[in-house]
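Given chain A's structure and the hints, the job is docking chain R onto it.
If you want the building blocks of each chain, they are given just below.
Number of protein chains: 2
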Amino acid sequence: MESKMKPLNSNMKWEDFKLNSDGMLPVIVQDIENNQVLMMAYMNKEAYEKTIETGTMTYYSRSRQELWIKGLTSGHYQYVKEMYLDCDVDTMLVKVEQVGAACHTGKRSCFFRDVLKKEEI
Amino acid sequence: MESKMKPLNSNMKWEDFKLNSDGMLPVIVQDIENNQVLMMAYMNKEAYEKTIETGTMTYYSRSRQELWIKGLTSGHYQYVKEMYLDCDVDTMLVKVEQVGAACHTGKRSCFFRDVLKKEEI
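So the protein lines, in turn, are chains A and R.
Each residue of the first sequence is one higher than the one before, counting from 1 in the numbering used here.
Each residue of the second sequence is one higher than the one before, counting from 1 in the numbering used here.
Rather than coming from a laboratory, the hints here were simulated on the basis of the structure.
In this text the structure is predicted, and so the values were computed from the model without any measurement.
Since the list gives no way to pick one copy over another, a pair counts as held whenever it fits inside one copy or between any two copies.
Calculated lysine-lysine pairs in the DSS-like style (CA-CA distance at most 27 Å, straight line):
(1) K81 to K18
(2) K95 to K107
(3) K18 to K117
(4) K81 to K118
(5) K45 to K117
(6) K118 to K107
(7) K95 to K4
(8) K95 to K18
(9) K81 to K95
(10) K18 to K45
(11) K107 to K81
(12) K117 to K95
(13) K118 to K45
(14) K50 to K81
(15) K118 to K13
(16) K107 to K50
(17) K118 to K50
(18) K107 to K4
Only chain A is shown next, with the shape it has when bound in the complex (with noise of 0.2 Å):
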């Protein structure tokens, strides 16, 4: 796979966190360059164990039901860089070197489509 991948230490195990009604974790991720905000994802307890083993973002892919090692088909790897818990343990934020784009529609970020009209704003 990638040479980049390395195993991270953790003060933090699965069982610490408080999981969402399906079970599972939402991760906001975020670009360490600029902090643009580019997708969320839910990790399962086989995800965020492989995440810390691999220092590479891995979720559980909620539409197709498996275990998604991001970036190991498109090669748009995300390496992490910071990892935070929220106050209630049940939000985690990943700040990660982002390789190529984030959005399977090519788009660096998940978050393009804008709700306001601009004039309003």
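Frame of chain A; chain R shown alone:
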């Protein structure tokens, strides 16, 4: 309430969004000043419509099971500046002007728990 409240003009209705298992929309909140991620919370239909109506972030509190106008008791209002949906229309990202602290602990951001041991980065 707040003199800075003003209605927004939205491109999207609640019915346009894809909701999670609990019938809610996860919302990532980012500081417009420096792009720091401040918190994540959830909206139901009433919270979304109230947010658009007032320009002030309003959530559904899952713990208290009620509408939660952020800042109403603390004064720590969040004024909407930019609002995006992701490619899957199942997650919202809002850039806000944050008054005071976003976190109930008094910290600016809720994401203050470091998951990784520092020497490993």
